[in-house]
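Colleague: For reference, the chains in residue letters:
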Amino acid sequence: MKRFRRQLLLGVFALIAATFAALWAHRRFHHALPDYAFLTGWVLFVAMFVLTFFNARKKLPFLPLGKAETWLQIHIYLGFFTVVLFLIHLNFRLPPGWFEITLAWLFALVSASGVVGLFFSRTLPRRLATRGGEAIFEKIPALRHALKTAAENLALGADAQSPFIAEFYTRRLAPFFVGPKNLWLHFFESRRPLNALIAELDDLRRFANDAEREKIEKLAALVRQKDGLDYHRSLQLALKLWLFVHIPLTYGLIIFTLLHIVLVFGFSGGAR
Amino acid sequence: MSEQLPAPDFDAQNYARPNQNWICGHACEGNACRQGPDANGRCRATAECKPALQIQPGETKGRWICTRSGGACVSGPLPDGSCCRPIAKCSPVPTLRIWRGRVTLAVVAASCAGLLILLGSPPWRNRFISPGEISRAHSGEAFAALFATNHFKENCQACHVAGNSGPHGIMQAALHAEPGMLDLKKLVQARAAEPTAIDEACLKCHAGRNFHQPNAPPISCSFCHAEHQGRVMAATTDANCIFCHGDAAKLANAKAESGKRKAETSQIPLIHHFAEDHPQFRFVTQKWRDPDTLKFNHALHLTGATMPKLPGGEKLDCAFCHQPDVTGALMKPVAFEKNCRVCHSLQFDPGTPQLTLPHGSAEFVTAFLRSLPKQYLNLAMKENAADANGFAVEKIANLRTLFGSGEELEQRVFFSTATAGPAAQIGTVSGSTRAFFPGCAYCHEVKSGAGDLPRITRPVQAERWLAPAKFTHAKHANIACAQCHDAVHSKDTADVILPAKETCAACHNPRAGVADSCATCHSFHPPQTAAR
Amino acid sequence: MAAAPTILERPQRWDAAFDADMTDADVERLLATAPFSAMDAEKFPKRTPLREILRNDTRILKFRKGEIIVRQGDYGTSAFLILNGASRIVLKPDLAPSLLGRQAPGKKGIFRTLAQLWNGSRPPETFSRSQLQQAAGLGARQTQKDVRVFLQDLPRILSEHRTDTMTAGDLFGEIGALSRMPRAATIFADTDDAELLEIRWQGLRDLMKYSDALRTHVNKIYRERALASYLRATPMFQHLTKEQLDRVAEQVEFATYGDYDWSGEYKRLAQAGTVRPEKEPVIVQEGDYPNGIVLLRAGFARLSQKFGGGERTLNYIGAGHHYGLREIAHNWRHKDAPVNFKFSLRAIGYTHLLIVPTRVMEEIVLPSLPKSDLPPPLEIVKDDLDSPPHAEKGVRENVGVEVLEFLTENRFFNGTASMVIDLDRCTRCDDCVRACASTHDNNPRFLRHGPTTGSLMVANACMHCADPVCMIGCPTGAIHRESFAGQVVINPDTCIGCKACFNNCPYDAIRMVEIRDKNGEFMVDQEMKPITKATKCDLCVESYGGPSCERACPHGALTRLNLNNLDALSKWLKL
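Residue numbers (this note's numbering), protein chains in the order written: chain A, 1 to 272; chain B, 273 to 804; chain C, 805 to 1379.
Honestly, the hints are just simulated from the structure, not real lab data. Quick caveat: nothing in here was measured; it's all calculated off a predicted structure. The beta-carbon is built from N, C-alpha and C at its ideal position, and this holds for glycine as well. Please note that a few of the clues may not be correct.
Unchecked claim - Short derived list, chain A residues pointing at chain C, Cβ under 8 Å:
| no. | residue |
| --- | --- |
| 1 | 55 |
| 2 | 56 |
| 3 | 58 |
| 4 | 62 |
| 5 | 64 |
| 6 | 71 |
| 7 | 239 |
| 8 | 241 |
| 9 | 242 |
As the list claims (entries may be wrong) - Taking lysine-lysine and the DSS-like style, the derived pairs with C-alpha atoms no more than 25 Å apart in a straight line are:
| no. | chain 1 | residue 1 | chain 2 | residue 2 |
| --- | --- | --- | --- | --- |
| 10 | B | 361 | C | 1322 |
| 11 | B | 763 | B | 581 |
| 12 | B | 361 | A | 148 |
| 13 | C | 896 | A | 59 |
| 14 | B | 567 | B | 763 |
| 15 | C | 1378 | A | 67 |
| 16 | B | 567 | B | 610 |
| 17 | B | 604 | B | 719 |
| 18 | B | 604 | B | 458 |
| 19 | C | 1303 | C | 850 |
| 20 | B | 559 | B | 458 |
| 21 | C | 847 | C | 869 |
| 22 | A | 67 | C | 1375 |
| 23 | B | 763 | B | 747 |
| 24 | C | 1322 | B | 333 |
| 25 | C | 1333 | B | 361 |
| 26 | B | 604 | B | 773 |
What the hints assert, rightly or not - Rough simulated footprint, nothing fancy, chain C against chain B, three-plus residues with beta-carbon under 8 Å:
| no. | stretch |
| --- | --- |
| 27 | 301 to 308 |
| 28 | 438 to 451 |
Looking at chain A on its own, in the form it has when it is part of the complex:
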């Protein structure tokens, strides 16, 4: 998709330009304005405020507030730029006070989780699409249950009179089908557990007659489907879980930021 490549180039260029502009302004003004720290603080605050607007846009989809895509682009690039503003506000030093250290760490964690989220959002969908098959996340338990039932019927059902298949099922497959498996291995694109199971199933063929072979084929297909389902669950979970850091900490950051503003004004009395 060329659109995204052009957009990326443009965005990165704008980001670099803005960063240089900000650093220039920092050089130019940080000794020229008596309340420079307040000023950069407000600029940083406004930037953070705009960043939270992305969430507001998501909550008001019916208002003509522009496309969420545009908002996300703004969110991403402004997010990176806000890190620059943050460093400028801190004058490139970690603050010594406990409150401000907490605030800085919150900011760092929110930013870092955002970067991780961006990385996930840009890489995991491609992996999901490459693996194929689609499952709506909320439907995964139901799908898993259906697979388990199908496998159970094959291996243990009334017309299944193959003790070694039944034994294999209860020993190896039942734990596999019962719940989500190999979360981390899937995330790191490992096929080891699947290959192991399939290989073991292949080994069973030696003892099987034609009908049983067919059954093993079907079981293997179900195992592959279950594996695909786990893969989807793993990656879709990753696509959702990073927000468990990003969003809650953002709220914490907002609380600390507001308090920070009150404190600096309350204690400065206009002093620096």
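Fit chains B and C to the supplied structure of chain A, relying on the hints for placement.
Modeller: For chains B and C alone, coordinates are given in the frame of chain A:
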């Protein structure tokens, strides 16, 4: 063999509803109930149908019939009109988003609780919100004793109005901050750093604030002296100075504000770096002349071909006259008896070089001259002459031959120069004297005063020429005098033999690595009001 | 816990009459007027008698001189019969849109838009009783006829445009109503006393079914009028004089392929997995002598070529496109070396087309075309595969063969606003679904799932088809086209839950939902059966800013595309 997932079996009657917060507990088995949980996550399932009461005409009781959507069930409704197939209640499962909301809520609650605990108790609060360690001077027992309003060490109130006043007080202080919280116009304005509420606290100890130039607007202490930066208060930097002196707008503002006070402000140049835009020293630009009336030719003394050697045989050099004072910063003033008399012995009788005139007062000289016979007698006795009286008489007679009368001698001693005056010269160069003595006026400005006493203008030596600057010769000891002071070319006392700015800047610049900060030479506070 | 269920009368056809104010006297008067006077009431079945059709499916409208009755380009679902006075049809040139008073259909007001903020926690598919009743009485969305637009400067329009007069007894609008095509021309009242009978298409359909005279009549004028205006609008014929055009019109042949109700058959085949191009009716066979140029009037056709043992799809063409010009032009220029059809053309679903015979093309049409309008000679085109007809430049590179087959197999070319999701970008965050739900009172109106090919998914969302088969068979006209942009929408107030549209839709875009009251209890009829309504994507016709799903996608992964041709898709893929 397909690795694709099975197509989820979607209900034709319904949509996937990720916007709902709760999922039916049976959904994981693929048979979610029709009803679904309510918005608060309670199971709403009752039974598979709601039987309808059918009353045929003429009947009184009526009959319950099954209304199940998938077709009537076999056993039909119970006699009381309820469905025979109740749905097992489930515990609805919250979606991931609900969990996310809960985590968010937990973080918010934890933040609030933590902040309440930390901010609720003053000692903790102060330690927690303090933006950094306070300098040694402003903390510790001694300082706390000064402001013994509280029993703990961190005595915020000493400086901060809102210091120990609790959340409400801090809020109030924030709202009344100056410049105001949202006084953006002021925040972006290039203005001087005006004194703040905190400066009031500084003045409690550092009384008599007499800042800087009288025409400069008052400046907040904390602008230069940043507190909460550690045990040692950070030194001020050039940035503090350049803040005003590098900013035309601020200087113009200051000028406008103090316009009535002094007109000088307009002459303050913009300065950012000593080597680059510090102005040339004023003695250069304004061609200052040394107003001293003493006539002294540095060039002659240092390079003159006829210059005699010093008694020890050394050549005359700078250090013979210019000696550092005890601090090493400045040079002691040149003194006649110490530095000049060696050569300029003030002998007036060529025949009697031992006898020299006193120095320092016209009256002494007059008195000396008028008591010459006595002086000769004293000399004779000192030298154990056989005939003291005869010696004196002979010398006086000689003088008479040379100068005629005593008045004539006095005139010559005072007013003769080497080239003009009553006589070309009075002393000689021979003998123990190295410099001849033509008369006081040779070096001094001598005027005929009231009465018979001539008036000799007292020579003045400038202690330092560049008064606003700190300078110490001690730090420049490794540099030859001539590097800075071009004395060998100066023939005139009026020459101010100081280096121009460029000479200083040759070393004092960032590239040469010698300190070039403002504070190297200048002090912000006038000396008399420097910190106590 | 078990609140008393809300009991409603099960909605029936004609619960909501087209015009509730139709009186018996009106109906009597209509029965005495031609063509109804000539109809045999006995031929009508008991369930739909002529009298009831007239009462429920028609209404009498009065227009003043200059007031617009139908606008060119509108999708309308009714025909008009002039009862009194005269009307005028604008033939050429078309009226400027500004003259027609085009305006956006009703948007939600500020309050209703903002109200969606706190509607989030409502149970799904909630209706209030009053909402249903009140809306049924108003029928506001369907009958916007109350807003009359009139032409400002009538004399000037008459002098600048060629027009024709229609008088009492004339029927118009039936083509648009029946063939699900936009209105071909604008018609306005020519006298102050113009009185028209508006017949909604369900009524017209029944009238035609049981009255031979009307059917013959409609077919005749259909041919006459539709053809004339259609040929006039086709660029290929624009250099012809009126006489030449008339001669072409005389010679044109009509053909209809497939089934008017094709979707049911298709659905059956699709479920059986036996959709094969080979089974589709052949319009033009590859290798045959080109004996005429094919113009698609409605529906779609597949261009395919023999490939191995089967055929592969090269492109599909929709209404307004033609096929065969290149071959015929070649043969006309190189009489010594004639070529045959390069591709096969097969009808997909319902296809209505015109065939202009080769002889007519060679004698009349081709000589009139300037050199620049002639297709490039066949020799120059090295590889036909690389430039199938009607494909914009670059389409071939951007839209792969698999995608083309996929779109054709699934009949997705029908969509004018199909929901296409790029699975390489989609983070499966469901923001689109949530946005949709927020815009529709907490109810999603599509399923973020559907057939996929590679990394493209066409979700189960209403595609707002060029040929909306769902509209066939709706007994109340609850499903209709918005008159402005032609979105297919369902009026929930008049929907009786009969599942006709649901069964027709081959794309699983319509879902029957059981509606609930505010407590989340299902609404039921007297027999305690739940009341269902057909629901689907309405392209956020009532909201500002367009479809909220598309606007809500933070990653630019979801778009609504016109798949009638490949241009939009190709552009989006290339972007």
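Colleague: Determine for every hint whether it applies to the structure shown.
Modeller: Taking the hints in turn, this is what the structure says about them:
Given hint, residue 55 of chain A at the interface with chain C, is violated; its Cβ is 11 Å from that chain's nearest Cβ, farther than 8 Å. Because the smallest distance between the Cβ of residue 56 of chain A and any Cβ of chain C comes to about 11 Å, over 8 Å, the interface hint for this residue is violated. Hint status for residue 58 of chain A: holds, given a least beta-carbon distance of 6 Å to chain C, under 8 Å. Using the Cβ-Cβ criterion of 8 Å, the hint placing residue 62 of chain A at the interface with chain C is satisfied: the shortest such distance is roughly 4 Å.
Because the smallest distance between the Cβ of residue 64 of chain A and any Cβ of chain C comes to about 3 Å, under 8 Å, the interface hint for this residue holds. Taking 8 Å as the C-beta contact cut-off toward chain C, the hint placing residue 71 of chain A at the interface holds, the least distance being around 7 Å. At its closest, the beta carbon of residue 239 of chain A sits 5 Å from a beta carbon of chain C; the interface hint therefore holds under the 8 Å criterion. Hint status for residue 241 of chain A relative to chain C: violated, with the closest Cβ pair at about 12 Å, above 8 Å.
With a cut of 8 Å, the hint placing residue 242 of chain A at the interface with chain C is violated, because the nearest CB-to-CB distance is about 10 Å. Between residue 361 of chain B and residue 1322 of chain C the CA atoms are separated by roughly 22 Å; this keeps the pair inside 25 Å, and the hint holds. Taking the CA atoms of residue 763 of chain B and residue 581 of chain B, the gap is near 20 Å; set against the 25 Å cutoff, the hint holds. Between residue 361 of chain B and residue 148 of chain A the CA atoms are separated by roughly 23 Å; this keeps the pair inside 25 Å, and the hint holds.
A distance of roughly 49 Å separates the Cα atoms of residue 896 of chain C and residue 59 of chain A; the hinted pair therefore is violated under the 25 Å criterion. A hinted pair counts as satisfied when its Cα atoms are at most 25 Å apart, and residue 567 of chain B with residue 763 of chain B qualifies at roughly 9 Å. For the proposed pair residue 1378 of chain C and residue 67 of chain A, the alpha carbon gap of about 20 Å is at most 25 Å, so the pair holds. As the CA atoms of residue 567 of chain B and residue 610 of chain B are separated by approximately 18 Å, the hinted pair is consistent with the 25 Å bound.
A threshold of 25 Å between alpha carbons decides the hint, and for residue 604 of chain B with residue 719 of chain B the separation of about 28 Å lies outside it, so the pair is violated. This hinted pair does not check out: residue 604 of chain B and residue 458 of chain B have alpha carbons roughly 52 Å apart, beyond 25 Å. With a CA separation close to 23 Å, the supplied pair residue 1303 of chain C and residue 850 of chain C stays within the 25 Å bound. About 43 Å separates the Cα atoms of residue 559 of chain B and residue 458 of chain B, which puts this hinted pair outside 25 Å; it is violated.
With a CA separation close to 38 Å, the supplied pair residue 847 of chain C and residue 869 of chain C exceeds the 25 Å bound. For the proposed pair residue 67 of chain A and residue 1375 of chain C, the alpha carbon gap of about 19 Å is at most 25 Å, so the pair holds. Among the hinted pairs, residue 763 of chain B with residue 747 of chain B is inconsistent with the structure: their alpha-carbon atoms are about 28 Å apart, more than 25 Å. About 31 Å separates the Cα atoms of residue 1322 of chain C and residue 333 of chain B, which puts this hinted pair outside 25 Å; it is violated.
Note on residue 1333 of chain C and residue 361 of chain B: the hinted pairing holds, with a Cα-Cα distance of about 22 Å set against a maximum of 25 Å. A C-alpha spacing of about 24 Å is found between residue 604 of chain B and residue 773 of chain B, which places the hinted pair at or below 25 Å, so the restraint holds. By the rule of at least three residues with a Cβ nearer than 8 Å to a Cβ of chain C, the coverage given for the stretch 301 to 308 of chain B holds, with 3 such residues. Coverage of the stretch 438 to 451 of chain B by chain C is violated in this model, with 0 residues showing a Cβ closer than 8 Å to a Cβ of that chain against a need of three.
Of the numbered hints stated above, those contradicted by the structure are hints 1, 2, 8, 9, 13, 17, 18, 20, 21, 23, 24, 28, listed in ascending order.
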